[in-house]
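Student: Each chain is listed here by its residues.
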Amino acid sequence: MRIKHCILSVCFMLMPVVAGHVHASPEIQSWTTQQGAKVLFVENNMLPMVDVRIVFDAAGSRDGALPGLAMLTNGLLAEGAAGKDAQQLAESFESVGAQFGNDSLRDMAYVGVRTLTDEQYMNTAINTLADVLVRPDFPRGAFERELARMKVALEARKQSPSDIAEEAFFKAVYAEHPYAMPVGGTDESLENITLQDIEAFYQQYYVASNAITVIVGAVDRKTAARMVDTIFDGLPAGSKPEPLPPVPDLAQAETVKIDFPSKQSHIYVGQPGMKRNDEDFFKLYVANHPFGGSGFSSRLVETIREERGLAYSVSSYFSPMRERGPFMMSLQTRADQTDEALQLLRSELDKYVASGPDKDELEDSISNITGSFPLSLDSNSKILGFLAMIAFYDLPEDFLETYIDNIQKVDRSDIREALRNRIDIDHTVTVIVGNGG
Amino acid sequence: MRIFISLIVLATLVIGLILFVFIAEDQPLDELAETGIQSMELKNGMKVIVQENRRAPVLVTQVWYKVGGSYEHDGITGISHVLEHMMFKGTEDTPAGKFSEIIAAHGGKENAFTSKDYTAYFQRISNDHLELCLSLEADRMRNLLLGEDDFLKEVEVVKEERRLRTDDKPTALTYERFNAVAFVNNPYRKPIIGWMEDLDTMKIDDLREWYQTWYAPNNATLVVVGDVKAKQVFALAKEYFGPLKPAEIPQLKPRKEVQQHGIKRVQVKVPAKVPFLVMGYKVPVLNTTENSDDVYALELLSGLLDGGNSSRFSKNLVRGSQIASSVGAGYSLYALHDSLFTISALPSNGISMDDLEAAIIAQITALQDELPTEDELARVKAQVVASSVFEQDSSFYQAMKIGIMETVGLGWQTKDEYVDRINAVTAEQVQRVARKYFVEDHLTVAELIPQSTEVKLSTSGNMNAGEAHAN
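Residue numbers (this note's numbering), protein chains in the order written: chain A, 1 to 437; chain B, 1 to 471.
Only chain B is shown next, with the shape it has when bound in the complex:
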């Protein structure tokens, strides 16, 4: 089912808008024997990246577009995601529903997802159906029908999706309002799924324009991971995507967040049972930082707080003081714009939100005041090293990483630096970034304040539940 990735706190993502220039010849870009990744660029600017992997006779194909929630402006929020839904509504050659039907009949699974900085379409299928997937994806990259009747029905589906994922989920709604308050002019302020009013007033012409603007080979990356030969993928990519005309891709405005001059607070009062706290500090990401050491140090720091059951949050807040029933940290390095380092928590029964917040702040202060021990650092690093092996169990995840890094403009090679960069982080660097970024004036705090879930009998039967009141 069209999925919609709501990297809630991990708000993030990424990247870069580059106006692709033509390259005269199809050229191999890179080959790294170590990871078995090979890439090339078609003449029309489309990138093709292949990771051969013989673990099973299957493959995953993903087509990534540089467009998503952070590309949108006010009034059309959610349009990238609605367009993602419409991508299943057919072309002249492949009428509505046919795409899914063909893939299913060949034993494939397919879906798509939209995030802040990208939109991607994928198929998982046995390795003899690569050509089928590429031909279908190439067709809908430039030939989507975008019929008005289909749109009018589909946007209702998306509104149901919004009700399901956000309006009727108190914690999701709290995150949405948290983001909307944390940022002033950074586009991560807006929900990926869009504001309901924007969905209500969206027009098919808006979608046609959005599609024409962003769906072009020079704004896309094909990633294939599985039991395939890179050469064969390149040849088929050239055959099907090669003839597609590139488009002039607009340069995104930077929209760099203005300086924050003091703590911000927002309350969300909706029917709920359990209070919920979200806190976030403004932080850079790999794309925006002047010093990538900071970013990897923040990443390691998030592991100290929340990496496993031996981490500080579990040790001190869930077990030790038992102030939190659960608590986690979130940070993603691979975004297009500056992001947030977030902490979210459910209080233990009877614990006030003030006490919960104070206990979390005390954990932050401890990082600023004292160096973490070598044991702690070693434990986070051991987990990172092991995870880098474990994650290879999933081809899909491998493809995701390649796609994200490429689409946010970092280049897939960046993923291979991760383990070494984390291993190089020192206790002093952790302390330094804790002091540099975890500053009260750059903090936003959102609080879910549960209201009764009793249904009040009203004559109209019209529910207003789910409405949030942001201060």
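With the rest of the complex left out, here is chain A:
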């Protein structure tokens, strides 16, 4: 049974955070493998299980002229490796109850496994993971099948007004930047990707010096190190890819209207936002919280949902990425209310950038963010996500320990200044999908 929140995920979102009086940050151990891969590890013995994830800078932003290439490469790793076909690989994992996982977003592409720590089970899971990562065969049949499935997924996106809107938003905000293109590919790119492209992409990007590894669970450091050695054995050191280009500011405001036969209009408004290791990270994160990042306590929800009943879901957020991820506000509303809702989004943003949060809003936000910090570290999977973020984006290893202090330091003048410097209300992209535009 799934609980669904309506938020789109673009890499790691600003973390919902929390914090209490007790700083219960997990103790992070770190080392670098011989081939140059960074490892972060947290030992947690409360459950007989362990999560391992290897993250590569090999996602959509590395697609080049072929959007979808990174995702397809990532998806093909477990479709044939070390002479075993997809069925045999799946049986290896599943016969010991292990859960293989993989995904490719805009910044991060990863593979990983969750397994019981029973030695025999764990060894099977880790050895199979190593095969998938280091010895993929990229069989032609699997390539053709998975490519065909990506085409079906692409068609499915075209029947979703929110997917259409998100795609148009990224295209308008990022123009020539690699973040502009959909990670699932385009009609054109999916016709042009070849098996040779896949193999070349794999060889260039799935290399040790382009990887970070994170491990959380009931193993000791020695066992964790041995697991890492097994996984990386045979993976060339390679080299890190060139840094992504910086994201330029928008030269002008732009409005994109796309007719679509939906009852609601889907509206996105935004522009380039901030980097994951941005100097204004804490200021902008706190700034967004009372505006549109805190659900029911936010201005956008109060104005648009609570006072007027115009939308079920309305929010704003910064999605911090390697280079500047987007700042975006979004909502969906009945087509004939499109103009009213859009005006409100814009006027709320104008007001907020001009004056920032009031004193109470800031205090409430800081206490919510700091007070809820323990909630974001209350499971292995959440800790794993943090470790991956810290390692992948080269954040300081004391990121978690200093988090609360960094949040508490933010004051109203910081926020006003950051908003003034970083939000340009005259240069936004507005996307409206539906028939109300």
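FYI, nobody ran anything at the bench for these hints, they're computed from the structure. Keep in mind that a hint or two might mislead.
Think about it this way: if two alpha-carbon atoms lie no more than 20 Å apart in a straight line, the pair counts; the simulated EDC-like pairs of lysine to aspartate or glutamate are [unchecked claim]:
| no. | chain 1 | residue 1 | chain 2 | residue 2 |
| --- | --- | --- | --- | --- |
| 1 | B | K153 | A | D336 |
| 2 | B | K381 | A | D118 |
| 3 | B | K315 | A | D137 |
| 4 | B | K109 | A | E361 |
| 5 | B | K109 | A | D364 |
This one's a predicted model, so the numbers in the text were calculated from it and none came from an experiment.
Once you have looked at the hints, place chain B on chain A.
Tutor: For chain B alone, kept in the frame of chain A given last:
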């Protein structure tokens, strides 16, 4: 944000309406050292269940009510869910919006969800704020304001939610019509979020009556999981919920589905790009079965078809014949009424819906004709055993399981039987339930037939897209 769980196919849920009798004293009901779960019942009939868990200095509290979509009758569909939204609109002591504000200021996260057989409210928060959560929940259990102005705005929010989740989502709309056709008199026929016309004509008085009828301590269960002491939870529960008066809870009519006498088909023609197929067989659940072996065998069978990438659907339909682009099976044992074993699939490009359906039926027939291998069974069981460890990583999920089982009338202890019961399923039992329940005359098939997504220019600007035509 108020969430609305649309267990789409997993249609389901559960349970039982029992008229709670008074219990003379607050009594401890049960204690199971193994799982660390302790429970008690307050004098007013409210159940309190606690699972101590010291993994992090946090806790989750959930208050579960025995009411949801399956409790509703025609004309007021969606009322349980609208009421869930209204539960955030304040009491005399805690005005509208204040609940969320207080929880947020204390570093908490809160929300609620409505399903077929339950409505639940929860907070996740650091472990020193238990009392705050319980006092606020106790207040809104009996003292909700339900002002008309608030309602008129909130029902518009819910209509937007319906447009977002169902009307503009071709697959969700197909599921909705599938359920509406599959059942004749079983209440799972109705969408949890309600028909739009029922939302249009809903009145504040309807909600007041619904609230008075179902929101009472003897129709509720408090579940707390986290770094707390059960004793402390019991004491606080007694302090805050104890004084609330119980109500007479109506006995639900059974509405047991009439016998189906032949396959049913429905088409949904709306703007879309990818065809979609949903198939469902009538099946019992733990609450309704005469033989619980059948139910666990069906559960294991769903693992054979769809449990992981080595399962039959992936192996034979996505990889082997490549007829399906994706295909899955859905079944939930923990419902109040008889349910559906569903299969949903997207065809590969160029594959007809007839061929897709035939290929799925062939997989069903194979289960009826041949025993599954021991390897296959062992693999599903290994995954079940491992998952029972993995799922303990989430306190919220632990609390959900307790809440669901208690609220559908099975009792939380049922969750501890799961692994053993699955492990006991034999190949012969799988074959037997496949033959017994997967009968063509008890099948419903829904098909999404994509229509153009081009917008036709119309002078009125009034869109009719999203309308479905059910046969």
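Student: K109 (chain B) and D364 (chain A): Cα distance at most 20 Å?
Tutor: Since the Cα atoms of K109 (chain B) and D364 (chain A) sit roughly 13 Å apart, the hinted pair holds (cutoff 20 Å).
Student: Tell me if the straight-line CA distance from K381 (chain B) to D118 (chain A) falls inside 20 Å.
Tutor: Roughly 16 Å separates the two Cα atoms, so the pair holds.
Student: Check the hint pairing K315 (chain B) with D137 (chain A) against an upper bound of 20 Å on the C-alpha distance.
Tutor: 18 Å, holds
Student: Taken at face value, is the distance from the CA of D336 (chain A) to the CA of K153 (chain B) at most 20 Å?
Tutor: 16 Å, holds
Student: Check the hint pairing K109 (chain B) with E361 (chain A) against an upper bound of 20 Å on the C-alpha distance.
Tutor: The hint holds at about 17 Å.
Consistency with the previously given hints is maintained throughout, with no hint failing.
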